[in-house]
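Let the hints inform the model, and build the full structure from the sequences given.
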Amino acid sequence: FSLNNRQQIDTLAGFAAVDWDLSAKLTLQGAIRYTDQNHGFDGCIEDRGGGLARAFSFLSSNLTGTAVTIAPGSCVTLNAANFPAGRISRQLNENNTSWRVSLNYKPNDDVLLYANATKGYKSGSFPLVPAVSEPQLTPVVQESLMAFEAGFKAALADNVVSISGAGFYYQYKNKQIFGYVNTGFPFGNLPGLVNVPDSSVTGAELELLLRPTTALRVSLGATYIDSKVDKTFLTPDPFANIVDIRGEAFPNTPKWQFVGDAEYGFDVATDTRIYLGGSVRYRSSSYAAFGRNPQFVIEDYALVDLRAGAEFGRFRAEIWGRNVTNQRYITQAAHIIDTVGVFTGPPATYGLTLGYKW
Numbered sequence: 014f015s016l017n018n019r020q021q022i023d024t025l026a027g028f029a030a031v032d033w034d035l036s037a038k039l040t041l042q043g044a045i046r047y048t049d050q051n052h053g054f055d056g057c058i059e060d061r062g063g064g065l066a067r068a069f070s071f072l073s074s075n076l077t078g079t080a081v082t083i084a085p086g087s088c089v090t091l092n093a094a095n096f097p098a099g100r101i102s103r104q105l106n107e108n109n110t111s112w113r114v115s116l117n118y119k120p121n122d123d124v125l126l127y128a129n130a131t132k133g134y135k136s137g138s139f140p141l142v143p144a145v146s147e148p149q150l151t152p153v154v155q156e157s158l159m160a161f162e163a164g165f166k167a168a169l170a171d172n173v174v175s176i177s178g179a180g181f182y183y184q185y186k187n188k189q190i191f192g193y194v195n196t197g198f199p200f201g202n203l204p205g206l207v208n209v210p211d212s213s214v215t216g217a218e219l220e221l222l223l224r225p226t227t228a229l230r231v232s233l234g235a236t237y238i239d240s241k242v243d244k245t246f247l248t249p250d251p252f253a254n255i256v257d258i259r260g261e262a263f264p265n266t267p268k269w270q271f272v273g274d275a276e277y278g279f280d281v282a283t284d285t286r287i288y289l290g291g292s293v294r295y296r297s298s299s300y301a302a303f304g305r306n307p308q309f310v311i312e313d314y315a316l317v318d319l320r321a322g323a324e325f326g327r328f329r330a331e332i333w334g335r336n337v338t339n340q341r342y343i344t345q346a347a348h349i350i351d352t353v354g355v356f357t358g359p360p361a362t363y364g365l366t367l368g369y370k371w
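Residue numbers for the sequence shown follow our numbering, beginning at 14 and rising by one.
Warning: the hint list may mix true and false statements.
[Claimed, not checked] As a list, the in silico SDA-like pairs of lysine to any residue whose alpha-carbon atoms are at most 25 Å apart:
1) 186 - 118
2) 135 - 156
3) 135 - 183
4) 186 - 130
5) 119 - 168
6) 135 - 199
7) 166 - 118
8) 268 - 328
9) 241 - 344
10) 241 - 218
11) 370 - 328
12) 119 - 178
13) 135 - 21
14) 119 - 44
15) 132 - 178
16) 241 - 180
17) 186 - 255
[Stated by the list, open to error] Computed spacing ranges between beta-carbons, pair by pair:
18) 75 - 19: 29 to 35 Å
19) 94 - 337: 53 to 59 Å
20) 19 - 292: 39 to 45 Å
21) 330 - 37: 46 to 52 Å
22) 354 - 37: 22 to 28 Å
23) 224 - 32: 48 to 54 Å
If you're looking for bench data, these hints aren't it; they were derived computationally from the structure. In this text, a Cβ means the ideal position worked out from N, Cα and C, and glycines have one as well.
Written as structure tokens, this is what we have:
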């Protein structure tokens with residue numbers, strides 16, 4: 014089959030910004046933007062080769078009690094009454110005003126303290142899914158975000174140590190999340206986009222970069238995210254059960270993530286450098302869908318990558334290994350018709366990269 018769709022997006026926007034130096038060390042910044050967007054969609058699942066058209070003709074005929082014939086090469090997506098919908102055309106017109114206010118304080122050239130408040134929007138959109146039922150193509154409306162953040166950046170010990178950190182709180186209205194849409198009989202719940210009315214994220218992040226020598230560079234990073242649906246919201250889980258997801262975390266949003274990378278490089282001749290490096294990435298467990306079903310748990314995992322290379326003037330050659338411990342890990346899980354399937358990440362992979370700087 015072919016996911017055949019055409020989309021046209023027309024956007025009109027105006028923007029203004031101002032910087033105001035309150036003192037030699039303190040700066041106030043402000044910005045505002047108005048956006049008007051018209052989004053048109055036209056699409057369906059299209060048959061390729063005739064087999065899908067015959068199958069959906071048979072299905073529609075039995076569901077409706079009417080003889081239905083879908084021509085080979087035509088759209089097979091069914092409408093809510095289980096008749097062929099043809100190409101589905103829809104329009105989504107929205108506008109918004111976003112803004113940002115930021116306060117920056119630099120006590121010296123090596124330290125920055127900042128705080129900001131931001132009102133932002135994410136445009137509404139149409140799901141890019143293989144929709145067998147028309148309700149799957151219902152668009153989600155624009156998502157709004159009220160964000161508060163405060164943090165710092167500092168370079169210490171003559172730039173041997175660079176450190177940055179931030180704490181943030183995000184309040185969402187109509188957050189767009191990939192979930193499940195109730196399409197009715199006979200398909201039930203199928204993958205699609207949904208709007209969650211009220212949700213929030215509280216989090217923090219910390220990054221550290223060390224350059225103890227000219228040859229060695231070490232970077233470390235940590236992120237904490239506590240996401241949740243703030244108010245009662247009834248939605249189907251992957252098994253067609255209507256559940257209240259209040260208090261649940263966003264799908265595919267681990268609470269903890271860590272990353273570490275180290276590289277040692279040295280010159281062996283003029284314009285020739287050898288380097289060795291490696292990285293470790295870790296993420297804690299999460300759910301792939303709302304409902305807290307154990308079949309949709311994405312277990313925590315850590316991945317180790319290694320690399321070694323040489324730079325010869327403008328040329329570069331690198332051998333690398335990704336997931337060198339051959340860790341089996343799940344990246345996504347989904348319920349399609351009567352089957353729960355999981356998607357795993359790549360196994361141990363090795364390769365060679367050649368590069369040239371023009």
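Hints and how they fare:
For the given pair, residue 186 sits about 31 Å from residue 118 by alpha-carbon distance, which is inconsistent with the 25 Å threshold. A threshold of 25 Å between alpha carbons decides the hint, and for residue 135 with residue 156 the separation of about 5 Å falls inside it, so the pair holds. The suggested pairing of residue 135 with residue 183 holds, with an alpha-carbon distance near 14 Å, which does not exceed 25 Å. Under the criterion of a C-alpha separation no larger than 25 Å, the hint pairing residue 186 with residue 130 is consistent with the structure, at around 16 Å.
Proximity of residue 119 to residue 168 is assessed by CA-CA distance (about 12 Å); at most 25 Å being required, the pair is judged to hold. Simply put, residue 135 and residue 199 have alpha-carbon atoms about 33 Å apart, too far for the 25 Å limit, and the pair is violated. Under the criterion of a C-alpha separation no larger than 25 Å, the hint pairing residue 166 with residue 118 is consistent with the structure, at around 11 Å. With a C-alpha separation of about 41 Å, the suggested pair residue 268 and residue 328 falls outside the 25 Å cut-off, and the hint is violated.
A distance of roughly 20 Å separates the Cα atoms of residue 241 and residue 344; the hinted pair therefore holds under the 25 Å criterion. A threshold of 25 Å between alpha carbons decides the hint, and for residue 241 with residue 218 the separation of about 18 Å falls inside it, so the pair holds. Using a Cα cut-off of 25 Å, the hinted pair residue 370 and residue 328 holds, with the two alpha carbons roughly 7 Å apart. Pair hint residue 119 plus residue 178 holds up; C-alpha atoms about 15 Å apart against a cutoff of 25 Å.
A threshold of 25 Å between alpha carbons decides the hint, and for residue 135 with residue 21 the separation of about 17 Å falls inside it, so the pair holds. Between residue 119 and residue 44, the direct Cα distance comes to roughly 21 Å. Compliance with the 25 Å bound is thereby established for this hinted pair. A C-alpha spacing of about 21 Å is found between residue 132 and residue 178, which places the hinted pair at or below 25 Å, so the restraint holds. Proximity of residue 241 to residue 180 is assessed by CA-CA distance (about 17 Å); at most 25 Å being required, the pair is judged to hold.
This hinted pair checks out: residue 186 and residue 255 have alpha carbons roughly 21 Å apart, not beyond 25 Å. The hinted window of 29 to 35 Å between residue 75 and residue 19 holds, with their beta carbons roughly 31 Å apart. Checked against the hint of 53 to 59 Å, the pair residue 94 and residue 337 passes, with Cβ atoms roughly 54 Å apart. Taking the beta carbon of each, residue 19 and residue 292 are about 41 Å apart, inside 39 to 45 Å as hinted.
The beta-carbon spacing between residue 330 and residue 37, approximately 49 Å, falls within the hinted interval of 46 to 52 Å. The given range of 22 to 28 Å is broken by residue 354 and residue 37, whose C-beta atoms sit roughly 60 Å from each other. At roughly 31 Å, the beta-carbon separation of residue 224 and residue 32 lies outside the given 48 to 54 Å, and the hint is violated.
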